[in-house]
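Asker: Given the sequences, and given the hints that come with them, work out the whole structure.
Chains C and B, in that order, give the protein sequences. According to the numbering used here, the stretch in the first sequence is residues 1 to 806, in order. According to the numbering used here, the stretch in the second sequence is residues 1 to 233, in order.
Misleading hints may appear alongside valid ones.
What the hints assert, rightly or not - With a straight-line Cα cutoff of 27 Å, these simulated BS3-like cross-link-like pairs (lysine-lysine) come out: (1) C/K402 / C/K419; (2) B/K6 / B/K65; (3) B/K6 / C/K402; (4) B/K75 / C/K402; (5) C/K419 / C/K737; (6) B/K127 / B/K175.
Source of the hints: derived by calculation from the structure; they are not laboratory data. Every value quoted in this text rests on a predicted model; they were computed, and no experiment measured them.
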Amino acid sequence: MRNALSMLGNYLTTGVRAVLRHKTHLALNLGGLAIGLAAALLILLYVQHEQGFDRMHPDAGSTFRLEQTFIPLEQRFPVTSPAMKALLQDFDARIEVTRLAGVGEEVLIQLEGSPLQIAMTHAFQADANLTDFFQLEVLSGDLQAALSQPNRLALAEHEAIRLFGHSEVLGKQLQLDGSNHQITAVYRLPAQSHLQLNSLRRLSDEVNAQPLPMNTVYNYVKLPDGLDLDAFLAHFTELVNAQAYQGQAMMALELQPLTAIHLHSDLSFEMKVNGSASTVGIGLLLAALLLLVAGINFINMSTARAGQRAKEVGVRKTLGASRWQLFAQFMLESLLIAAAAGLLALVLVELLLPWFSALVNRPLALSYLGAFGGLAFTTVLTTGLLAGVYPALFISAFDAKKVLSGDFQRGSTAIWLRKGLLVLQGAIAIGLLVATAVLQQQLQLLQQQDTGYQRDARLLVHSIANEHLFWAEQQSLLSSLQRIEGVQSTSLLDMQLTDTISQAMSIQLPGQTADTSLPPIPQLGTGFNIVQTAGFTLLAGRDFSSDYQSDWYQQHDDQATAAGIITETLARRAGFNNPADAIGQQWLLQNHLALTVTVVGVIADVQVGAATRQPEPLLLICGRSPMHIGHILLQLDPLQAMQSRLQIEQLLTERLQRQDIRLSWLDDDYTALYQNQQRQGTVIAIFAALAIALTCVGLFGLAAFSAEQRSREVAMRKVLGAGPFNLVNLLANEYLKLMAISAMLAIPATYLALDAWLAGFSVRVTQSPWLYLLAAAITFAICWCTVATLAWQVASRKPAMVLRQY
Amino acid sequence: MIQLQKIQRVFRTAELETTALNTINLTIEAGEFVAIMGPSGCGKSTLLSILGMLDSPSDGVYNFKGQDIARFREKQLAELRKNQLGFVFQSFNLIDELTVFQNVELPLQYQGIAAGERKQRVEAILKRMQLDHRADHLPLQLSGGQQQRVAVARALVINPALILADEPTGNLDSKNSEEVMQMLRQLNQEGTTIVMVTHSEHEARYASRMVQMLDGQIVSERALAPAAEVKYA
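Answerer: In structure tokens:
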């Protein structure tokens, strides 16, 4: 044991002294590895965070969210009916269900002694067994009481602070849905969860009594082991279609595992903006590439410099060291360098964490004794082992006799391997450059995409109770807004253009048979002047207008009428290739009240939401909305926009007695749609740049070595009359050839990968060959400059000095 | 102690086959001091490598202390090497990163000898080589002669049965050369068997027997009387 320790000491002494003798080499090796490790650790920290969502809940592995795909809309929703609970438990008593109602709604509350109303978002009604499903930390009070008794309310800590300025709020009263509620509990939810429950109260009898076609709650289910999920889903799909939709195939029931919601679900009505599995995948790929590039640098520099340790290997072998002992010695050295790089990397991670957390928009934290410690240790150890194995094998295999008798030449395998690895690095660099550029182009394309509506100087007022909008007797609120200076036109929307359309109805055309009938058409309730206010492109007919009183939705005894505007795709589907021919058509919409819509205008297609899907047919109906809340859209004079916005906010606060009127520029909402992609783009750009920089470091190290090796040749050529430029090219050419091979490998691989990625978008950029040429040219240029700098130094030496050394 | 019978060493590359050693027969008794001489490329270094078990013959029998080791595997050779052989090279081959003391200690570490005994033996040998005051120096801080003395100390510290010296004075001036040769002779007189490759007729005279090689073969062998005289004087 003591002998083993003393041997270890011996290895360490030799290792440390040998490494310290070549400080540039050490700095490049250590620095490169540390940067690669730090970057990879940051990314892995993010990945770990993303993958840890919702895993803390009890039985998280067997919990699912009930979801359904609406076949006519071709869209999946995370909401189902509260009536599902009884059906499920009738089917199998072992199935546990908990429900959360209040999806996408805002409730208005009034604090004691305040005349103003405040909107509360994510205010949920819940079943009392909620805590069997989710880990909620009760900070004070009694959560069970709040969930089981009427007129009680539990507040999330942050919501209590938002409303009252502190979290000591037990016993306080507030007005909600016209009745007094007492706060009886304050709780905290884990941040790493898809849930956002700002307040909780008992599930109302009204919700409890809702029938099967009303999809108003999140149903979470715990399924018993051994249940055949496919049969279960098929059974309930059939049951719900039969009971709720007269046997039509309207919906298909689906299950989303609780732990998969954060990364794999991006539906309308999610509680939070969820993460994205593709970002995590790209992150993992980047981390692997960065470690690969850093590892390659390490291998290349270690084997290139191995010749300098050859004598030591020869001597040790002669003195009786076995190959295994030498392998262990050099492996230990690699691990030591990896460990040192790991420490440096941790320092970098500490320094960069705040910036990185903001970049990926996640509250990342380091726990050295927890998951992060394990992650860092594993990453460093793996990198050290993988990067160390080849150099250790290579060095320990030196032939003692050859080394010591002086006819030692470095193996040609090592040179080929080094060149091969360099080619790989070059290919990674070129691939990343192109990918970054294409990604940015695609993002730009999406954001500049013609959506069919205008976004400049368009202001949106969010979530106003429809009593003031669609259902108001007089449009006095809009008239007041219209009088504000700088407001050019105003209208209403019952869904946001940057969100998803979630209502659809079947349309019956005159003379239509069952075979030719259209599937249910997505629809949007709007106010007057919508074409002008939203900036739609009118192809035929006219805008909704208050000059035509019949435009606005009106209920008669057993039927209703309203004016409609349709998109050109819908006109075409209805058989009108010339938009003007559709004007004046009367379409019947079957609802609980038959609605006759008179088509008054045809507009160009509108892209609702993000441009990842094809624009759908859309029907705008004037003055009708089944929603509880609506939005006001205003077109402002760009020169007075800021001024007008202030006045609008003021007017609404006064008129609606609301403290928290939320306004946003349509353009910002639109940009926010691409926030995730943008973040992805930034992350990729930064780490791609890093990978390229690391490749340069490796190139520099290798080039420095080869320039040194060839200094005698250079000196001889100089004696024979070669000029400096000529010499620089001589040395650089070797590497340029390798980079050419890199380009040949990288271009097809990158093209195919990007092609697959772009296929997921309905609008996409075409990949330009120039981009590939440019990326290759940039890589060539960087490579040439790196090598040339070094070559210049070598070529500038006086030949006599070089030759005398030999 | 050593018997070589019909030893062949052939180097093969894709295009070329070179016979470095051709039917070498050689016997070395314990206590001998053998000098191997010959022009460059005659195979004397290859012979020394085979004697030193750094290389294996392509054919023939190598009998070391009664064992045929020609077909031994590398691991067995390493075992023999670290217990029985001491090497002295022309270019000293000290490890530059280790001190004099650590260099000399290294073979004992590979033998697995305990720290206390190692210290004692290294100190003793350094004292004998008059290097005890240099124990903490790095090799590059010493003169060539001193470095070679360290190399000899390193070879001797394991009490080897055989010392193999490959042109031990090749990189030294005449004064230092003399010093090293005197030392080798003294070691031989104390009973250590030495095989030395050299270019120099003068240095060969320190040996008790001289083996002349040419083109991979032994062309002559003779006992050296003057050396014997010196030896027994």
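Asker: Each hint: holds or not?
Answerer: Against the structure, the hints:
Distance restraint check for C/K402 and C/K419: the Cα-Cα separation of roughly 24 Å lies within the 27 Å cut-off, and the hinted pair is therefore satisfied. Under the criterion of a C-alpha separation no larger than 27 Å, the hint pairing B/K6 with B/K65 is consistent with the structure, at around 18 Å. For the given pair, B/K6 sits about 23 Å from C/K402 by alpha-carbon distance, which is consistent with the 27 Å threshold. Among the hinted pairs, B/K75 with C/K402 is consistent with the structure: their alpha-carbon atoms are about 18 Å apart, no more than 27 Å.
A threshold of 27 Å between alpha carbons decides the hint, and for C/K419 with C/K737 the separation of about 10 Å falls inside it, so the pair holds. Our distance criterion of 27 Å between C-alpha atoms is met by B/K127 and B/K175, whose separation comes to about 21 Å.
The structure fails none of the hints (numbered hints given earlier).
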